[in-house]
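Chemist: Sequence:
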Amino acid sequence: MTNFWFLLIFSLFFEIFCFAMTLDINQTIKITQLTEWNDFPIQLVTSNITDTYIAIKLEIIERQFQSFPLLYLGINFEPDFDSHINQPKFNYSDYQSFLNQEETQWIILQYDSKLSSSSLYIGIWYENFTNGPIQYSLSFFQSNKPICPSMCSGNGQCKNLGKCSCYSSYVGNDCETTTFSIGFNESRWVDVKSDDKTYLKSDAFQWGSDVVLKCSLSYGEAVLYIGFPTNDTSNLPNKESCAYTLYLSQDIRFIHKSIKTSNSYGFLIIGIFNTLKDSGNTLSVKCYLSHDNSSSSKSTNMVIVYALVGISISIFALWVIGFIIKCRWRRHAVDNEHSPMGITKESIESLFPSFNLKNIDDADIPMCMICLEDYNPKSKVRKLGCGHIFHMSCIDEWFRHHKICCLCKRDCESVNNSVLPENIATFNIEQSRNLSDSFTGLIADELNNEE
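Using mature numbering (1 follows the signal peptide of the UniProt record, and there is no 0), the letters of the sequence shown correspond one by one to residues -20 to -1, 1 to 431.
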């Protein structure tokens, strides 16, 4: 009972003390936090700041399993963080390092005229407080050069404000996390201590293609977070920011996963987290990375299918075009067969000069047997070599496609030829153009006289 009241009085005293706590420039303090506080304001003393850049650093000294604080900052108000609300009240935080469960967190700012006239407060939220107290240090310092976390731990270059460009085998906000390289078609064994993590990194594959990841372990439990960070290697895959999450346990000792990569340049990073809290339980995880041959074969098959479809469509289109051309050619040939070349206008005029029919009795038949209209004294006609007379316009149209008389079928170009051609049948009144029945006798008499 005495211990209970002692701890209660100590906690109240410590909390009151914390509400009045300040942190001056170039000062470091140590804090032991016992419970979860949503508002733990520490006011920063900015009156002695003379340089361009300022930084607040939180470094864990001692913690229990899976216990991590979150450092955040508010400008002109006391910050507040609550994991159960959607909009925490603060301006800046190192949330990425918190998600990565890193031992160090940073807030780095450029100290301009706006900040110089503002009041700065920092707050610390303690996650999983039921696991026991946590001890950490807080440092507040300034610099006239850009500041990067721990100056990139000597494993990278400070490119921008608070951003490290890590060397090939290092990742993390301050480049202090070592990665193990994994190539294609090779196995990599890694050991992960209890309540710890390690990372595998690969950049030797074609972006936009699919890869296959195979991992196994002999015992224990592990969580694999897979991500594709770009040149910003501080964005490591974690439980809240990753492309894939895979689990290994006593029931699932082997995983086989096809992974689709992005089309932009970056890295494939596999974070392996040992979820066992008991000390001394080191997991050995084996991973194997290879190209997804099934995906490439599917792509190849699809290319072949598309090529065959394209060739088939082209052949069919060519066949249709050829068929249309052939049909038109045949139709043209048939038209030519049924419409042979007639007599030219010059030959018609020279062979059969036109004249006006003054005496209708001069005509063998009192009407034109093409249009079946009676002649009149003003009718302009032509008289063929066979003796038949027709309207000039009617016979001229006939001669455009014919060389024979439309009545007797004689060759009109052979004027003196009184014999019918062998390949032409003798004239038959029934084959004429629906001649009038009234002229049947006249046509028959004319044929008999010619014989």
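Among the hints, erroneous ones may be present.
Said to hold, decoys possible - Below 27 Å or equal to it, Euclidean Cα-Cα: the simulated DSS-like pairs (lysine-lysine) are: (1) Lys240 / Lys194; (2) Lys181 / Lys139; (3) Lys338 / Lys363; (4) Lys383 / Lys325; (5) Lys363 / Lys325; (6) Lys257 / Lys240; (7) Lys219 / Lys173; (8) Lys383 / Lys363; (9) Lys181 / Lys143.
If you're looking for bench data, these hints aren't it; they were derived computationally from the structure.
Chemist: For which of the previously enumerated hints does the structure constitute a violation, in increasing order of number?
Modeler: Number 6 - this is the single hint that the structure violates.
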